[in-house]
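Going down the list, the sequences are from chains A, B and C.
To convert, note that position 196 of the first sequence is 196 in my numbering; the numbers rise steadily by one, no gaps.
To convert, note that position 2 of the second sequence is 2 in my numbering; the numbers rise steadily by one, no gaps.
To convert, note that position 367 of the third sequence is 367 in my numbering; the numbers rise steadily by one, no gaps.
Treat each hint with caution, since some may be false.
Simulated pairs of lysine-lysine, DSSO-like, Cα-Cα distance not exceeding 27 Å [as the list claims (entries may be wrong)]:
hint, chain 1, residue 1, chain 2, residue 2
1, C, 172, C, 512
2, A, 121, A, 72
3, B, 50, A, 101
4, B, 71, C, 399
5, C, 399, C, 512
6, B, 71, B, 20
7, C, 471, C, 512
8, A, 72, B, 50
9, C, 471, C, 399
One-sided and incomplete, this derived list gives chain B residues near chain A with beta-carbon spacing under 7 Å [claimed, not checked]:
hint, residue
10, 17
11, 29
12, 61
13, 65
14, 68
15, 72
16, 92
17, 96
18, 102
It is worth saying that the hints were derived from the structure and are not from the lab.
We put the beta carbon where it would ideally sit given N, CA and C, even for glycine.
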Amino acid sequence: MTESSATSHVHDEHVAHHFDDAAQQFETGKLGIWTFLLTEVLFFSGLFVVYSTLRNNNPEVFAYAAQFLDTKLGFLNTCVLLLSSFTFALGVRNAMLGQTKALGINLVITFLCAAGFMGIKYQEYSHKYHEGLLWSGSEHSVFKANLDDVHPEIRAHSSVWGDAQKLTPEFRHEIGQFFAIYFCLTGLHGIHVLLGMILIAWLLMRNARGDFGPNNFNAVDFGALYWHLVDLIWIFLFPLLYLIA
Amino acid sequence: MSHSDPHSEGPALGHVLPLKMLVGVLVALLLLTGLTVWTGQMNFHGWDLKIAMVIAGIKATLVCAIFMHLKWDRPLNAIFFLISIVFVAVFLAFTVLDTYENEVNVEALIESKR
Amino acid sequence: MTLDHKRLGLMYLWSIIAMMFLGGAFVMLIRAELFSPGEDFVSADTFNQLFTLHGSIMVFLVIIPSIPAALGNFVLPLMLGAKDVAFPKLNRMSYHLYVMGAIFFVASMLATGLDTGWTFYAPYSTSESPAHRAILFAVFGAFVLGFSSIFTGLNFLVTIHKMRPPGMTWFKMPLFLWAIYATSIIQILATPVIGITLLLVAVERMLEIGIFNPALGGDPVLFQHMFWFYSHPAVYIMLLPAMGVMSELISTYSRKSIFGYRYIALSSVAIAVVSFVVWGHHMYVSGQSVLVSVLFSAITFFVAVPSAVKVFNWIATLYKGSIRLTSSMIYGLAIIWLFGIGGLTGLWLAALETDIHLHDTYFVVSHFHFVMVGSAIMAFLGGIHHWWPKFYGTMLNEKVSLWGASLLFLGFNLTFLPQFIAGTQGMPRRYFDYAERFEGYNQISTVGAFLMGFSMLLIVANFLRSIRSGKPAPANPWGAVTLEWNTAPIPDPHNFDDAPVVGDPYDLSIFKWDEAEGGYVPTRPVPGLPYIALPNADSTESQH
């Protein structure tokens, strides 16, 4: 390193060598994470386009199919996720103020909320699987175009089997598509929740090591931004999937 | 910018949110969630989706502005985020317009063959 | 492993050249097969796989990363006077993702049977077919490469926003940086969409979810919308950086300040934005509705305006310039011709009624090769020749470079001009066989293609020779003023000792060719430019 570049500011262990000062590093990181969130929005947008096209083609199918989703669980999950966003925002506040203990507690609560969200999601998924509420290409689907193709197990156990028999083959296909996009949207969102849990665990580890304080909270702040985006996407998914009258 | 004032409490960079504000936002978000469940069960004759999206939009704005500090950030970050929404809108608009137009054409075709 | 943007840039450079040879080998087989009608060398099935691999390797592994990832990585921080890009670790990860994507594509090649074309159109790509594994490998490869591209774009975008030295305002940035900035906008906004689309194709194949597959009620036109929402802007991921290189080349080798700086700078951003609302012009015959086709056609014509603004400005820069025909300048001048043809034929294809006639013919093949090879690859090579002295601190053999550039230009025109004619006469693309009457055009094409192959070998041999035994390069062999020439002949790992002083990037009057010195010498003292303000005393000594 040259001496001249070091004279302009006091050496700071948290500032990487290619930045002039902590402010530049912070602003750069912040713009970086926002740009990343922008790519995430576009990433999800593909699925929203599929959703809109399918729903636009067959609004009545979506209205019919949505009754199979559990609004109560969806509502509960929304609340859990909103709470986790809140605790993460509290965590950022703690990190900025140097309250590392409170930061740890808030990160743990956020992590538990995320785990709870995934637990409820698992309940919903397994219920759908047992009822055969799947896309029509799936082996376990009750919405096969040809009713003879429906798995014997599903015929025996699924409460939807009676209704499904009354529908036209085309209608069954289209309900299958609703579940295809339901699983794609919630599945991709779920993957993001899991990635977020890994992120929170990593932050907890670093916090335990004493990494964070008023001079170094960038990782917590940026992690929280990611987590809020996951929350944001769910805010739209909930009414679009669960609340179709 | 907060980092220009070394005498204030808290960090040199970033913006510390008051606790009350965070709690307030959480309460508002939960209330709006309840509201959207309630409106979802009503029938507003074709306005259901629009109402649900407006409520979701308000919730999203709250999360972005307060939880994600956009209100206090440099405007560039908010502009970037808004740009993403504009492009998603363009993507949606053209694709849905095409599907809609096609639907109309296909129906007209079926009608003419009857 | 290194985090230095310059080393990463060179690693990209050689990986991309390696992939270019792989994709090039496939096309040599294709052209050999097409030398005469009927089955000569390869079967119809093999032919389908060859053009698929040629297309996908050239698009995803060569052209898209070529200028941004290789030249951009090397040059961008230097031009900005920065020590590195904003996120060096992310930059390294981009390279690792690139290698991973390349491995996926090689795996798909070894698994054999990938014959969807580079576009992976549904329902063919989602239907039952023996090439299940090959398609999945290729789709995952393109998915991973997408992330490599996104992270590179993100990195450059943030670097340009936040790491400019004091004094470098937006309108004092070299035009290459404007072009890279516009490219980054497309990379971060469009690439995620191809990611999710390909992911859906993979899920569709594995789980039969019925979103794109019409047999399950899906909508294949929806796939095309999603695919082209990325892939049309992707054309500008390839082209915009090429235009950026062009602006540097034309100005430097005309010894003249670039004409219409602000127009060129802003037209890059205009192209980036408008390129997002023209994707439907790939879908006129796909069953897209008439209203939407008309809209897309009209907007497509609009995108020609900022592109033409650039070309006119380059020509105006040449006017009364003191033009020096270096190899880089040969590439630059070639591009004006080639992009002129490639761009204008694009307008014919954008018109609804001519496109119905020309769709899926060799006219289209020729058009996009004029843009992708004739403009993007030529600019890539021109850029390499321009910045080579900074890469290894050695000069290229200029005579060989001139031969390489000229033969490549000749070969290119021989290959693709006849294809326009064959295309208008109705020769369809993507067939291993054709009617007798097209034989003449195809033979010229094949000869041209082999000439291109030969000149590429010559060009790369010249690179290798320069690394082994090239003459040491002076710090500023071309008398250029942008900041990257204000570094040591081989730039230090941290690029600059002091934050450089920023001036007008196109004030070429600072330097004058000095016959006695055998190099460029400053015409007046310029503070803060240690390397370019002094005559190249030490480097000229070592040359003798």
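Here's how the hints hold up against the structure:
1. 172(C) with 512(C): Holds - the C-alpha atoms of residue 512(C) and residue 172(C) are around 22 Å apart, at most 27 Å.
2. 121(A) with 72(A): holds (12 Å)
3. 50(B) with 101(A): Given pair residue 50(B), residue 101(A) is violated - Cα atoms ~44 Å apart, limit 27 Å.
4. 71(B) with 399(C): It is violated: about 60 Å lies between the C-alpha atoms, which goes past 27 Å.
5. 399(C) with 512(C): Roughly 23 Å between the alpha carbons, so the hint for residue 399(C) and residue 512(C) holds.
6. 71(B) with 20(B): Within the cut-off at roughly 16 Å; holds.
7. 471(C) with 512(C): holds (22 Å)
8. 72(A) with 50(B): holds (22 Å)
9. 471(C) with 399(C): holds (13 Å)
10. 17: holds (6 Å)
11. 29: Status holds, d = 5 Å.
12. 61: Cβ of residue 61(B) sits 10 Å from chain A, so the hint is violated.
13. 65: Given a least distance of 11 Å, the restraint on residue 65(B) is violated.
14. 68: holds (5 Å)
15. 72: Given a least distance of 11 Å, the restraint on residue 72(B) is violated.
16. 92: holds (6 Å)
17. 96: With Cβ-Cβ at 5 Å, under 7 Å, it holds.
18. 102: violated (9 Å)
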